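Asker: Chains C, V, P, H and W, in that order, are what the protein sequence lines are. Each step along the first sequence adds one to the number in numbering that gives the first Met the number 0, with nothing skipped, and position 62 is 61. Each step along the second sequence adds one to the number in numbering that gives the first Met the number 0, with nothing skipped, and position 34 is 33. Each step along the third sequence adds one to the number in numbering that gives the first Met the number 0, with nothing skipped, and position 8 is 7. Each step along the fourth sequence adds one to the number in numbering that gives the first Met the number 0, with nothing skipped, and position 118 is 117. Each step along the fifth sequence adds one to the number in numbering that gives the first Met the number 0, with nothing skipped, and position 187 is 186.
By construction, these hints were calculated from the structure, which means they are not laboratory data. Keep in mind that this is a model prediction, so the values were computed, not measured. Do not take every clue at face value.
[To be verified] Some chain V residues near chain H, calculated using beta-carbon distances under 8 Å: (1) Leu10; (2) Asp73; (3) Gly74; (4) Asp77; (5) Leu78; (6) Leu79; (7) Ala80; (8) Ala82; (9) Pro83; (10) Arg217.
[Unchecked claim] Facing chain P, from chain V, some residues (calculated, C-beta under 7 Å): (11) Phe24; (12) Ile27; (13) Gly35; (14) Ile46; (15) Gly49; (16) Ile53; (17) Leu163.
For every residue, glycine included, the Cβ atom is placed at its ideal position computed from N, Cα and C.
Listed here are the chains, written in short residue letters.
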Amino acid sequence: MSIWEYANPRKFMALSGAVLPWVSAAAAIVLVGGLIWGFFFTPDDFRQGSTVKIIYLHVPAAIMATSVWFMMLVTSLIWLIRRHHVSALAAKAAAPVGMVFTLIGLFTGAVWGQPMWGSWWEWDPRLTAFLILFLFYLGYIALWEAVENPDAAADLTSVLCLVGTVFAVISRYAILFWNQGLHQGASLSMDAEENVADVFAYPLWTSIGGFFLLFLALVLYRTRTEIRARRLQALVQRERMA
Amino acid sequence: MKGLLLRDLRLAFRAGGGFGLGLAFFLIVTVLMPFGIGPETATLARIAPGILWIGALLACLLSLDRIFALDWEDGSLDLLATAPLPLEAVAAVKALAHWITTGLPLVALSPVLAVLLNLPAEGFPWLIASLTLGTPALSAIGSFGAALTVGLRRGGLLMSLLVLPLYVPTLIFGAEAVRRGADGLDAATPLALLAGVTLATLAAMPFAAAAALRVNLR
Amino acid sequence: MKGLLLRDLRLAFRAGGGFGLGLAFFLIVTVLMPFGIGPETATLARIAPGILWIGALLACLLSLDRIFALDWEDGSLDLLATAPLPLEAVAAVKALAHWITTGLPLVALSPVLAVLLNLPAEGFPWLIASLTLGTPALSAIGSFGAALTVGLRRGGLLMSLLVLPLYVPTLIFGAEAVRRGADGLDAATPLALLAGVTLATLAAMPFAAAAALRVNLR
Amino acid sequence: MTLVVDALSCARGGVPILTGVGFALAPGEGLVLRGPNGSGKTTLLRALAGLTPPVAGRIDAPEDAIAYAGHADGLKAQLSVAENLTFWAGVFGGRDISAAVEGFDLAGLLDRRAGNLSAGQKRRLSLARLLVTGRPIWCLDEPTVSLDTQNVARFGAAVRGHLDAGGIAVIATHIDLGLEDVQSLDITPFIARTERQSADPFLSGGAL
Amino acid sequence: MTLVVDALSCARGGVPILTGVGFALAPGEGLVLRGPNGSGKTTLLRALAGLTPPVAGRIDAPEDAIAYAGHADGLKAQLSVAENLTFWAGVFGGRDISAAVEGFDLAGLLDRRAGNLSAGQKRRLSLARLLVTGRPIWCLDEPTVSLDTQNVARFGAAVRGHLDAGGIAVIATHIDLGLEDVQSLDITPFIARTERQSADPFLSGGAL
Ligand code: HEM
Ligand SMILES: Nc1ncnc2c1ncn2[C@@H]1O[C@H](COP(=O)(O)OP(=O)(O)OP(=O)(O)O)[C@@H](O)[C@H]1O
Ligand SMILES: Nc1ncnc2c1ncn2[C@@H]1O[C@H](COP(=O)(O)OP(=O)(O)OP(=O)(O)O)[C@@H](O)[C@H]1O
Ligand SMILES: [Mg+2]
Ligand SMILES: [Mg+2]
Numbered sequence: 000m001s002i003w004e005y006a007n008p009r010k011f012m013a014l015s016g017a018v019l020p021w022v023s024a025a026a027a028i029v030l031v032g033g034l035i036w037g038f039f040f041t042p043d044d045f046r047q048g049s050t051v052k053i054i055y056l057h058v059p060a061a062i063m064a065t066s067v068w069f070m071m072l073v074t075s076l077i078w079l080i081r082r083h084h085v086s087a088l089a090a091k092a093a094a095p096v097g098m099v100f101t102l103i104g105l106f107t108g109a110v111w112g113q114p115m116w117g118s119w120w121e122w123d124p125r126l127t128a129f130l131i132l133f134l135f136y137l138g139y140i141a142l143w144e145a146v147e148n149p150d151a152a153a154d155l156t157s158v159l160c161l162v163g164t165v166f167a168v169i170s171r172y173a174i175l176f177w178n179q180g181l182h183q184g185a186s187l188s189m190d191a192e193e194n195v196a197d198v199f200a201y202p203l204w205t206s207i208g209g210f211f212l213l214f215l216a217l218v219l220y221r222t223r224t225e226i227r228a229r230r231l232q233a234l235v236q237r238e239r240m241a
Numbered sequence: 000m001k002g003l004l005l006r007d008l009r010l011a012f013r014a015g016g017g018f019g020l021g022l023a024f025f026l027i028v029t030v031l032m033p034f035g036i037g038p039e040t041a042t043l044a045r046i047a048p049g050i051l052w053i054g055a056l057l058a059c060l061l062s063l064d065r066i067f068a069l070d071w072e073d074g075s076l077d078l079l080a081t082a083p084l085p086l087e088a089v090a091a092v093k094a095l096a097h098w099i100t101t102g103l104p105l106v107a108l109s110p111v112l113a114v115l116l117n118l119p120a121e122g123f124p125w126l127i128a129s130l131t132l133g134t135p136a137l138s139a140i141g142s143f144g145a146a147l148t149v150g151l152r153r154g155g156l157l158m159s160l161l162v163l164p165l166y167v168p169t170l171i172f173g174a175e176a177v178r179r180g181a182d183g184l185d186a187a188t189p190l191a192l193l194a195g196v197t198l199a200t201l202a203a204m205p206f207a208a209a210a211a212l213r214v215n216l217r
Numbered sequence: 000m001k002g003l004l005l006r007d008l009r010l011a012f013r014a015g016g017g018f019g020l021g022l023a024f025f026l027i028v029t030v031l032m033p034f035g036i037g038p039e040t041a042t043l044a045r046i047a048p049g050i051l052w053i054g055a056l057l058a059c060l061l062s063l064d065r066i067f068a069l070d071w072e073d074g075s076l077d078l079l080a081t082a083p084l085p086l087e088a089v090a091a092v093k094a095l096a097h098w099i100t101t102g103l104p105l106v107a108l109s110p111v112l113a114v115l116l117n118l119p120a121e122g123f124p125w126l127i128a129s130l131t132l133g134t135p136a137l138s139a140i141g142s143f144g145a146a147l148t149v150g151l152r153r154g155g156l157l158m159s160l161l162v163l164p165l166y167v168p169t170l171i172f173g174a175e176a177v178r179r180g181a182d183g184l185d186a187a188t189p190l191a192l193l194a195g196v197t198l199a200t201l202a203a204m205p206f207a208a209a210a211a212l213r214v215n216l217r
Numbered sequence: 000m001t002l003v004v005d006a007l008s009c010a011r012g013g014v015p016i017l018t019g020v021g022f023a024l025a026p027g028e029g030l031v032l033r034g035p036n037g038s039g040k041t042t043l044l045r046a047l048a049g050l051t052p053p054v055a056g057r058i059d060a061p062e063d064a065i066a067y068a069g070h071a072d073g074l075k076a077q078l079s080v081a082e083n084l085t086f087w088a089g090v091f092g093g094r095d096i097s098a099a100v101e102g103f104d105l106a107g108l109l110d111r112r113a114g115n116l117s118a119g120q121k122r123r124l125s126l127a128r129l130l131v132t133g134r135p136i137w138c139l140d141e142p143t144v145s146l147d148t149q150n151v152a153r154f155g156a157a158v159r160g161h162l163d164a165g166g167i168a169v170i171a172t173h174i175d176l177g178l179e180d181v182q183s184l185d186i187t188p189f190i191a192r193t194e195r196q197s198a199d200p201f202l203s204g205g206a207l
Numbered sequence: 000m001t002l003v004v005d006a007l008s009c010a011r012g013g014v015p016i017l018t019g020v021g022f023a024l025a026p027g028e029g030l031v032l033r034g035p036n037g038s039g040k041t042t043l044l045r046a047l048a049g050l051t052p053p054v055a056g057r058i059d060a061p062e063d064a065i066a067y068a069g070h071a072d073g074l075k076a077q078l079s080v081a082e083n084l085t086f087w088a089g090v091f092g093g094r095d096i097s098a099a100v101e102g103f104d105l106a107g108l109l110d111r112r113a114g115n116l117s118a119g120q121k122r123r124l125s126l127a128r129l130l131v132t133g134r135p136i137w138c139l140d141e142p143t144v145s146l147d148t149q150n151v152a153r154f155g156a157a158v159r160g161h162l163d164a165g166g167i168a169v170i171a172t173h174i175d176l177g178l179e180d181v182q183s184l185d186i187t188p189f190i191a192r193t194e195r196q197s198a199d200p201f202l203s204g205g206a207l
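In isolation and in its complexed conformation, chain C is listed as follows (with noise of 0.2 Å):
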């Protein structure tokens, strides 16, 4: 049996049914316990002081902002060439869910930006390239909310979402030509040197997994809704037809 047996949306609903519980439980464990750890059992930042735990909301959420994006961009993909609905149903659930990441990024980091830079909001690069990813999930969303026909608004946001990527990695770019910033670089690369000590760093992974688990928790349970809705909608038409 091949894995696309699983685009089937019975298949699906039957498989997502199954883990969704499994998913739920273990997302509320490692994001709790992430987020304790990260709160109460850490220390103090000798320049930050304690508003550097800001980071376990933070970082998670920026990270999880763009890789559900990337998501939705696979999940589109396999629309296009595939045609299987639950790829597009998933990617529609996705949408909302990037989007309040995103907010959660935003707002996490102008909270933390007005004690360290002094202000709510600068024009740096990278929170300038996560404003517009904010846009391109705007965007995304009002057209799967204007076209009303579901296949054609499945195509038309799927070309959308492949065009907006492309558009969003020069747009990244050209943002860094267009200002250098303040924003922190990489505190997780493989470089020991600039790593974040360990004490941040493990409870940071725990609720970075912890936020992950929460996305793929929300997006089977928003998948398995829009499922539930578009059954609706065909046998409430059938009825209409009858």
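Let chain C serve as the given structure and place chains V, P, H and W with the ligands on it in line with the hints.
Answerer: Showing chains V, P, H and W with the ligands alone in chain C's frame:
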């Protein structure tokens, strides 16, 4: 009347109805400005009141065509004109619906965008006050512009052209109030003038809009 | 192909065709800015490159709906899709017609507006060069946005929402070139990047637009 | 309540189209307007409805008595059939829509989006709108466009019912509506000839 | 050159409308589609024209052979009648428009703006467009809407001429076109019944 208001609101909130798009446009224009102008916070803070007001104004402007154009195209306006409502009331109700679906959300979003542009904290109350007072005038004037251009296929741009000069007083007083507020000066005078402009517009525009509609329906 | 281009041009120049309105919008936005921002010459000169680019961009944006929407409404697009032209060619020709009727006049008008905003003399050649190189990209990207939203009644605002983020690279490089030029710095790098973005867009966008059109025609 | 038209002249975009149209309709009377394409039926009906002011002549009708239905359907694509009807019912004073739904057999379509209807279904909905206006004088411009025979008959019955209830109807059409005992008026004789005196002040008088 | 349709299923907005439509037309043959409002004539014609991809089945026609004319007229209001025709002639390879002008008696209207025409005049212009395409297969959706009897006859003659020249025509209509020896097909039996298996993956399978 109430039926018309409810219908217009419902249409706006329906999928494809355009609610929220004005907001998004406001957001995007404000975000784009720094790309054009450069990222220096000091410059941005200085021009923030103007940018915010112009952004709100453009967002209003771009959603004006939904006041009459769609009703014209599908023939509803012909029917409304023969209905037992005075055309003035139709124009007023439609301007009100436009304000509720566009102006009001803009007011609510403006503080967030003000943060992005580093508007000084003293400016915030004035920003909200001036937009609350000014956006009804934008909708009312806009309904007149929309009525003037309703029969034209590509009326959108022509309407912008007619309406923008009419927006000048509102823009001047509104932006001035915020600018003074942000500088810690007294902003009550421009605000009072703004209120005066708005009141006069609200009183006069439905009649002008109805007259324009009558001509276009011939 | 040539017939289509000529028809689109002729339609644009006909009464009610919208030619010149883009220009007028550009003019008015630029003139409104000082009302919002305040009249200090120094501030205005500093932000002039950004304002000019954003004005041109918005003027382009607002005329995008004439690329496909009218042909969709009156059924011509159905007929064009069944005609012996590839839809990609239709999209490309229509973007070209849009550029000729909107982008090109904007380039021509921009020096006049630059004078109004006190752009330093060194900036003028860069302004014209960057707009000449950048506006084709605006039309091409816009044709994609217009194709995405062609079936929607109130597509205009949604289209702005979809298109504006795609305009970011063009805007950044374009305005940066003018800014550097006005400051007497080397502006060749942003200009080269701008040209690169434009070329890539011109090559890719007709295909994306045609794909979106096919979906919307179903 | 009568509809009296006397020596009416109409123009479109400054061009005189009809001159000297006259007729009178008492309650219960209908009039079928006939004439080849481009003869001026739409122009006349728009004048009756008060949308285009006449160039000359007189239209005598009680105020707020005319319901007009033109070539365009006047439907909101985003609203459902029921919402469309209820809205118009509300505008004309909150009558209930069940008669209209029944008259044009819309019960099965009530919660479909108007934008997704077929051409004939849209037309039925826009005709049903006439019934909810409660207005006594109907001015209808090619009402049966896109309708199949069964629905043309339905429309005929609706007009019949309206006339029997003391209403008036002026209907421009190219097909046979199956309404006996309804007068018909060919407007060809009223088409404005250029030789006749025109109302245009730039034409009257000698050379300038 | 033939048009063969086999076991065709069509959907609109994801809703199955027609299933199992089949017919074959040889050169010189016409087909009149009949069916009540909302039965799916427009849907079928759009599928034939290649605008809506069919859900299942096969449409066999030479490439670039089909000319479609739908409910909308496809005219540019700002262009004159002659400009509209010349444009479409150019798009389809530069044939000359005189035959089309003659066939629908447009000579008197040639330099009127298309936007100022009456409903029937517009329709005539949009039918004249078919003649300039030079395409052998016509798919026409209620072509006679708004036409008076004389112009319906003109249209009938144009179709007759097209068929006699070896063309094919598929025409959806509610009225009698006066074309003898042309087959007619009632599409009512093909309307998608819900009991039949649907192609929608969200309906197949048991409860979710
Ligand atoms: C609204 C403001 C902010 C936004 C939108 C924002 C956005 C981001 C983004 C997009 C990332 C990248 C995550 C990734 O993909 O690796 C990130 C990481 C990070 N941010 Fe922020 N940020 C903001 C403010 C701040 C502030 C004020 C600080 C502290 C000085 C900060 C510290 C960090 C750190 C330490 C990382 C981790 C870097 C890494 O692992 O790559 N951020 N932020
Ligand atoms: N805006 C306008 N300017 C000039 N002439 C016009 C205008 N609108 C319509 N006409 C002309 O007026 C005449 C009457 O048009 P009208 O639409 O009233 O005809 P009609 O009888 O309704 O025809 P049909 O049966 O085709 O609908 C036509 O010859 C038409 O070309
Ligand atoms: N976008 C859509 N979504 C769902 N159903 C639709 C859509 N468009 C049309 N329909 C339905 O499909 C059916 C067939 O429509 P179609 O337009 O093909 O009918 P038709 O035979 O052309 O009717 P008419 O004679 O009224 O023009 C109708 O019941 C209609 O309500
Ligand atoms: Mg008419
Ligand atoms: Mg049809």
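Asker: So, for every hint listed, does it hold in this structure?
Answerer: Going down the list of hints, with the structure as the test:
1. With 8 Å as the threshold, the beta carbon of Leu10 of chain V comes within range of chain H, its nearest partner Cβ sitting at about 6 Å, so the hint holds.
2. Because the beta carbon of Asp73 of chain V sits about 6 Å from the nearest beta carbon in chain H, less than 8 Å, this interface hint is met.
3. Against a cut-off of 8 Å between C-beta atoms, the interface hint on Gly74 of chain V holds, since the closest Cβ of chain H lies about 3 Å away.
4. The criterion of a C-beta within 8 Å of any C-beta in chain H is met by Asp77 of chain V, whose closest approach is roughly 6 Å, and the hint holds.
5. Proximity of Leu78 of chain V to chain H holds as hinted, the smallest CB-CB distance being about 5 Å (cut-off 8 Å).
6. Here the hint on Leu79 of chain V is kept, as its CB sits about 7 Å from the closest CB of chain H, short of 8 Å.
7. The beta carbon of Ala80 of chain V comes within 7 Å of a beta carbon in chain H, closer than 8 Å, and the hint placing it at the interface holds.
8. Hint status for Ala82 of chain V relative to chain H: holds, with the closest Cβ pair at about 5 Å, below 8 Å.
9. Given the 8 Å rule on beta carbons, the hint for Pro83 of chain V holds: about 5 Å separates it from the nearest Cβ of chain H.
10. Below 8 Å, beta-carbon pairs count as interface contacts, and Arg217 of chain V has one with chain H at about 5 Å; its hint therefore holds.
11. Using the Cβ-Cβ criterion of 7 Å, the hint placing Phe24 of chain V at the interface with chain P is satisfied: the shortest such distance is roughly 5 Å.
12. About 4 Å separates the beta-carbon of Ile27 of chain V from the nearest beta-carbon of chain P, less than 7 Å, and the hint is met.
13. Below 7 Å, beta-carbon pairs count as interface contacts, and Gly35 of chain V has one with chain P at about 3 Å; its hint therefore holds.
14. Interface restraint check for Ile46 of chain V: the shortest CB-CB distance to chain P comes to about 5 Å, inside 7 Å, so the restraint holds.
15. Interface restraint check: Gly49 of chain V against chain P, minimum CB-CB distance 3 Å, threshold 7 Å, status holds.
16. Hint status for Ile53 of chain V: holds, given a least beta-carbon distance of 5 Å to chain P, under 7 Å.
17. With a cut of 7 Å, the hint placing Leu163 of chain V at the interface with chain P holds, because the nearest CB-to-CB distance is about 4 Å.
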